Structure formats: C-alpha cells, structure tokens
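Make the full structure from the sequences, and use the hints.
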Amino acid sequence: MTTTKEPRENEVAKRVDKAQYLVVAVLVVVGAFLIYNALTLETGFAKVDPVGPRFFPLVVGIAAVLLGVVLAIAIPRGSVGEADAGEDIDPESPGDWRTVGMLVGLFVAMILLVNPLGWVVMGTIFFGGAATILGSKHYVRNFVIGLALSLASFYAFYSGLGIPLPAGILDGIL
Amino acid sequence: MENIDWLIQGFEQAATPMNLLYAVIGVLLGTAVGVLPGIGPAMTVALLLPITYNVSPSAAFIMFAGIFYGGMYGGSTTSILLNTPGESSSVITAIEGNKMAKAGRAAQALATAAIGSFVAGTIGTALLVLFAPAVSRFAVTLGAPSYLAIMLFALVAVTAVLGSSKLRGAISLVLGLAIGIVGIDFLTGQPRATFGIPQLSDGIDIVVIAVAIFALGEALWVAAHLRRRPAQVIPVGRPWMGKDDWKRSWKPWLRGTAFGFPFGALPAGGAELPTFLSYITEKKLSKHPEEFGKGAIEGVAGPEAANNASAAGTLVPMLSLGLPTNATAAVMLTAFVSYGIQPGPTLFDKEPLLIWTLIASLFIGNFLLLVLNLPLAPLWAKLLRTPRPYLYAGILFFATLGAFAVNVQPLDLALLLVFGLLGLMMRRFGLPVLPLIIGVILGPRIERQLRQSLQLGAGDWGSLFTEPVAIVTYVLMAVLLIVPLVLKLMHRDEETLLIVEDDKDQREKAQA
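Those protein sequences? They're chains A and B, same order as listed.
1 is the number of the first residue of the first sequence in this note's numbering; add one for each residue after it.
1 is the number of the first residue of the second sequence in this note's numbering; add one for each residue after it.
Quick caveat, the hints were computed from the structure, so don't treat them as lab data.
Predicted model, so just to flag it, every value in this text is computed and none were measured.
Hints may be right or wrong, so weigh each one.
As the list claims (entries may be wrong) - Keeping only pairs whose Cα atoms sit at most 30 Å apart, straight-line, the calculated DSSO-like set for lysine-lysine is:
| id | chain 1 | residue 1 | chain 2 | residue 2 |
| --- | --- | --- | --- | --- |
| 1 | B | Lys166 | A | Lys18 |
| 2 | B | Lys283 | B | Lys247 |
| 3 | B | Lys382 | A | Lys137 |
| 4 | A | Lys18 | B | Lys488 |
To be verified - Chain B residues, not near chain A, derived (Cβ > 12 Å throughout):
| id | residue |
| --- | --- |
| 5 | Gly104 |
| 6 | Val129 |
| 7 | His288 |
| 8 | Glu351 |
| 9 | Phe367 |
| 10 | Leu372 |
| 11 | Leu413 |
| 12 | Met426 |
| 13 | Phe465 |
As the list claims (entries may be wrong) - Derived Cβ-Cβ restraints for the label pairs, each shown as a range:
| id | chain 1 | residue 1 | chain 2 | residue 2 | range |
| --- | --- | --- | --- | --- | --- |
| 14 | B | Gly196 | A | Asp171 | 26 to 34 Å |
| 15 | B | Pro387 | A | Tyr21 | 52 to 60 Å |
| 16 | B | Val140 | A | Ala74 | 38 to 46 Å |
Glycine is no exception: its CB is placed at the ideal position from the N, C-alpha and C atoms.
Quick look at the structure:
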C-alpha cells in the first residue's frame, strides 16, 4: 500500500507552483495600498455624494487582499495557472529569465536616457540591443536596422503626425 | 429606414479617395502585423493605435475598421501556414488548415479562409446594422440602475465564464479595477492612488496599459521561452479554389456565420465556443467525414467564418452599449476614449456620422481585404520568416514608440515597463488578460454610474433595484455564478464517491 501511495504524493508536490506566491504578494500590496490610500481621502460630502470617494477603492482593495488569501490557500493544494502558449513559445523550456532581465535593463536605460540622448540614438541602441540579447549574431546589422527604424519613426512622427520626439544630443543635426 | 440613410451617408464619408487610402493602409497594416507570429488582433490594434493619434477621428476609425478585419485575417494565415495559432479562437482553424497546407493545399485553405471571412464579415456587419441601433434605442431608455447592472453583468460574465480558472479571472479583474482607480476622483476632486505624481491625476493612459499588457508582456514572455528553431513555414502561391472546393465551402461559411454572430454579441460568448461548434457541426454534416483530421476544407471554412462573424458580433454591445466583450473590442474602445468620444448607449445619437462611417468602413475594409489579400498571400507568407530576434526586438521598439508618443514623457515608459512586467507575470501564472483590460475600462464607469444613481436615489441603496431590467440582469448574474458552482458540487460528490469506491476496492484487494 505504501508503494502505491508514494508516487501520488510526489505528483502533488511537483504540481505545487511556489512562484505563484508572487501573485499573492502583488495582490496584498496593491490591496493594502488601496485601503490605506482610501482612508486618507476626505469624506463628508454625504448629501451630494452618499457613496463617497472611499467606497470603491475600499471594495477593490479588500477584494484584492481576500483574493490574495484565497490564492495563498489554493497554492499548496496544487492550484496552478495554465501558462500562456503561443507560436514562438517552447513550453518545454524552463524559462530564460536572464534574457528577460537584460531586456528589462535595456528598457530602464531607455527610460532614463531617452530625453538626454534623444529618440534616434536611444532607439538605435534599444532595437540593436534587444535583437542582440534575443540571439541575433549579426551585430552590425542589428544596429543598422535599429538606426533605420529610429530615423524613419522620428521623421514620420515629426512631419507625418506632428509629434516631436526628443532629438537629444543630435538636436540641430536632425 | 433611417438607418439606411445614415449608412449611405457613412459610405459617402468613407468612400472619398483620401479615406479609401486610409482604409487600404489600415487593411495592409492590419494584415501585415496580424500575420506576424505571436501577434493577435488585439495586439495589432494596440500597436497601431499611435498611428491614428493625429489624424481626424473619422479617418482613424476608417483605418481601425481595416486593421480590425486585417488583424483577424492575418491571424488565420499564421495558423494555417505555421500550425501554431496565436489566439484560442484560431485553434480550430489550425487543426484542418495546417493539415491542408501540409498536403499541398495551402492555396485552397487560405482561399476558403479569406472568402469565408469576407462572407461572414459582410453578413455580420449587415446584422450589426440591423441590431446595434435597435439595441441602442432600447438602452437609451434605461436608467442609471439598469445600466449599472448591465456593466456589472459584463464584468462577471467575462471573468466567470471565459477562461479556465475563476479565481485567476477574478484576480485579473481586481488588478484591472485597481488600475482604473488611479487619478482624480470625479466627484470630490481628490487624487486617488496617484503616489503624489501630478501626471497621474488624469489616470493612467489606457493606450499605455493596452500596449504594455498586450505587446510588452507578450514579447517578454516569449523572450523567456523563445524556440531555438522557429517553426516550419509552408510556402504558398496565390490562393485559389476549384469548383469542388466552392461546393464544399459555401454552406460551412453560412453555418459558421450563424454560430459566430450571436455568440459574439453576447457579453460572455467569445469566439472559441462558436468555432468549436461549427467544427463539430461540419464534421457531422460532411460527406467526407474521413477527411477530418487530415485536412478537410469544411473544417477551415466553417470555423473561420464563425470566428469572423463573432468578431462582428462583438461590435454590437460595443457600439450600442459601450461594452467591450473581447480584447480587440476593448482596445478599440480605448481608441474611442482617446478621441474624447464617450462610449455608451448614446453613441448613435451623439456621433451618428462617425459611427455610421465606421460601419461603412467595415464593409469597405472587408471587401478590400479580399481584393488585396488573395494576390498578396505569398508576400504575407514571407513575413512569417522574419527572424525571431528582429520580430520581438521590433515589437519592443514599436511598443515603446507607441507609449512614448502619447505624451512624450519618460514617465509613460516607466509605466509601460511596470505594466509590461505585470503582463509577463500574468502570462507566467495563467492569469487571463481580458478581465484586466475590461476592468480598467469599465471600473471607472461603474463607479461613476453607482455614485450618480445613489445621488439621484438620495443615498438609498434600494433605488438600485427599482428598474425591471436591472433586477432581471442581477438574477441572470446570480444564475451565471451559481449554476457552475452547483454543477461542480454535484460533480465533486460523484468524484468523492468514486474515490471512496476506489479505496474500498484497494482495501479489498489488499485484504485478499
């Protein structure tokens, strides 16, 4: 009897996806913030606004915390979400979080430097960098395509749509 | 016959040379982006939103009509030639379509998908002309309590019915509602959840959220799991169909349309169920049931028509009630809002010309799609071979461009990253995306409706239940929530019984 029981337990243990506690954390943080924020709001307009500005954020905040608790209870019982599938997704792969981390880093650079360096410079680095991180070995070509895209979008948005993207250090040249 | 007059006026608006050019651009861009692997129709519309910023609303809507159907068609091309459908609604198309392509009948599969989409889209749009104004006329007579009930119903339906896990649907919905709270409270003027950042007092730009969740989240998720070797693309010539193919296709097209439209028009219909129903119906009715699973043309024609008709159906609640029921409609509604157009039952009254121009453009876009895409199919097939690093670097690039161009402030990029990571998290843990987007869009409107109803009702919560439509809607909502629960409980009883029997069995065996 013990021999038949063991694999079953192993199966359950395998299906518990502990990383899901991240979702619990997000829910609790979001919920707590909404509740805290709602309590700082002024009420006392009861005659014109019987519900008040607090009600909705409080409901959503409490719901978020409650759902976090429910999920926290469900996780050890083997509740798992079905990860998204797609055309270019290899469901067998364990997840290449290093690539994602580098892309996020590149994105942060974009946020910080897009105004000082300008869209064209930063766009080139962004596209070329992203293509390189994603595994394209043609390094020169990566950045040439990036430059072409950035220049084209800069002028298309400037003259076509009337939206001036920042020129940055190339101000005056472009 | 007032509608027909308006429709003709809409056609007059849409058929000017300049606007036709916009329609062509919309169709081409929509198909080109939609064909790219990993990009579904909703993401196509989200990525192309910025292009429409500085053109007039009518020109923008004309482009949207093209992008809408173009994106749908592009998705089916991908599933036929790659066998890896981008969204659940084209899973069924991929089953038979890819088998046909492998058997050397890619041209016929693409042709029946294209012509079927045209037939379904045209009939669906005609039904839209028929139903949407009527629904809207009825909706205008409804008071705030009824409208509140209907919006709540849409939230519950999308969260509880679609998707496999109700818990995860609810989590996604709550996150969306939370995002919707950010900004100045409309009645008391106090900033809520803005972290003291003044730029957030107008709320988070919904374009940024849509691009982040659909494009950035997806690109990051794919980056984590990128296939080392991209899937095999089947080469294709110009799509065409023989006489026999026509004979076998036209009935499935019509039946598929009949399945698709009503499901699309319902708040929780979706496209998965009608495509599936169409598939099994065709399998049953076919004279060649042995071909199913090996590339039966009926299995492409029916589901593809159902898919497109369902897309047309979703425009009924969107235009007549302001309710988005699928991701693509939600993103399109986003575009409405960014033009300062308030979605809701009064849309047909307030912006008749714009709406009828949009509807006329749907007809035109659908037709252009057929004319342009049959000859261009080999070109689209080439797009499928875009090296993946460039494809996803490009998605990241254009997502950034789109979000940045809204207000040209780096803060939007930071928000894009935050919500992009949220989108990544949702994909990793199987949280559905649709409830979040619906929550962002409907949350603020539900709060406003609730507070205004209670203002009128002098704070009496009972006043929310005074209108018959409201009460009926709440009852339906309760049924929707309770029935699956009861079914599950009954099921569980059976299951536990089975397990008990199993145990008994084993014990007996052990004893023996």
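Verification of the hints:
A threshold of 30 Å between alpha carbons decides the hint, and for lysine 166 of chain B with lysine 18 of chain A the separation of about 20 Å falls inside it, so the pair holds. Note on lysine 283 of chain B and lysine 247 of chain B: the hinted pairing holds, with a Cα-Cα distance of about 16 Å set against a maximum of 30 Å. Taking the CA atoms of lysine 382 of chain B and lysine 137 of chain A, the gap is about 21 Å. The hint holds against a cut of 30 Å. Restraint check for lysine 18 of chain A and lysine 488 of chain B: satisfied, since their Cα atoms lie roughly 26 Å apart, inside the 30 Å limit.
Distance check for glycine 104 of chain B against chain A: the nearest CB is about 22 Å away, which clears 12 Å, and the non-interface claim stands. Once the 12 Å rule is applied to beta carbons, valine 129 of chain B is consistent with being away from chain A; the minimum gap is 32 Å. Annotated as non-interface, histidine 288 of chain B keeps its C-beta farther than 12 Å from every C-beta of chain A; the closest such distance is 29 Å. Once the 12 Å rule is applied to beta carbons, glutamate 351 of chain B is consistent with being away from chain A; the minimum gap is 23 Å.
With a minimum CB-CB distance of about 27 Å to chain A, phenylalanine 367 of chain B clears the 12 Å threshold, and the non-interface call stands. For leucine 372 of chain B, the shortest C-beta to C-beta distance to chain A comes to about 22 Å, beyond the 12 Å cut-off, and the non-interface label holds. The Cβ of leucine 413 of chain B sits about 5 Å from the closest Cβ of chain A, inside the 12 Å cut-off, so the non-interface label is violated. Methionine 426 of chain B, annotated as away from the interface, has a beta carbon of chain A within 12 Å; the closest lies near 8 Å.
Distance to chain A confirms phenylalanine 465 of chain B as a non-interface residue, since its nearest Cβ pair spans about 16 Å, more than 12 Å. Taken as a hint, the range 26 to 34 Å holds for the pair glycine 196 of chain B and aspartate 171 of chain A, whose Cβ atoms sit roughly 32 Å apart. Roughly 37 Å separates the CB atoms of proline 387 of chain B and tyrosine 21 of chain A, a value that falls outside the hinted 52 to 60 Å. Our hint of 38 to 46 Å for valine 140 of chain B and alanine 74 of chain A holds, since their Cβ atoms are close to 43 Å apart.
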